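*Asks:* Heads up: the sequence shown is residues 41 to 202, going by this note's numbering.
Hints listed in this document are in silico derivations from the structure and should not be mistaken for laboratory results. Among the hints, erroneous ones may be present.
Said to hold, decoys possible - Straight-line distance between alpha carbons at most 27 angstroms, and here's what the computed DSS-like set of lysine-lysine pairs gives: (1) K123 <-> K71; (2) K59 <-> K71; (3) K123 <-> K59.
Fair warning: this is a prediction, and the values are worked out from it, not measured in the lab.
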Amino acid sequence: MPDFFHLSGAMLGSGSIIKSGNWGRIVRSWKWQHNAALREMVLEAARVLRFPHRPSRLECAFAFRSLEDARVFRQFNFNGFGKHILYRVALCDQNAPSHDADTRLLNPLGDLRSDWADAYWMDRDSQLDAIPGLDASLRAAPQLPEMLTLSDLRVEEAIEQP
Numbered sequence: 041m042p043d044f045f046h047l048s049g050a051m052l053g054s055g056s057i058i059k060s061g062n063w064g065r066i067v068r069s070w071k072w073q074h075n076a077a078l079r080e081m082v083l084e085a086a087r088v089l090r091f092p093h094r095p096s097r098l099e100c101a102f103a104f105r106s107l108e109d110a111r112v113f114r115q116f117n118f119n120g121f122g123k124h125i126l127y128r129v130a131l132c133d134q135n136a137p138s139h140d141a142d143t144r145l146l147n148p149l150g151d152l153r154s155d156w157a158d159a160y161w162m163d164r165d166s167q168l169d170a171i172p173g174l175d176a177s178l179r180a181a182p183q184l185p186e187m188l189t190l191s192d193l194r195v196e197e198a199i200e201q202p
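Taking the hints into account, I'd like the entire structure generated from these sequences.
*Replies:* This is the structure in structure tokens:
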């Protein structure tokens, strides 16, 4: 079974279960007062209309396929993840739907257009090609990958604390 990695602000022990859908629970509980509500609703609308085979961000758990991806995300993400604990986790359901995305695409990039959220839901190898007017420096910059999964995550061990 492959290892995955997860960042959490909570102190968790080995065997703890991280339930999928917690992010959606938080956004829904705050309604429009949540600072990411508008972004999440735009992403969800794009998913429902054009990518219904992809798992909803509001129902998923978030993980990284490599330790390096998790470390880079923690280093460059300024939404509080710099203080999160890095865990090695396992998927509770290996067959649960998943989607790999570039977190740089969580917000609009390139030319002003109404379909900006579509790029997030595309296959990772074609995401940047779908964005007209994208700055060349962003194309050359490293991706910030994340994996969405409908599986719960089981904590195997804490790897790093900030």
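*Asks:* When the structure is checked against the list of hints, which entries are broken? Sort them ascending.
*Replies:* none
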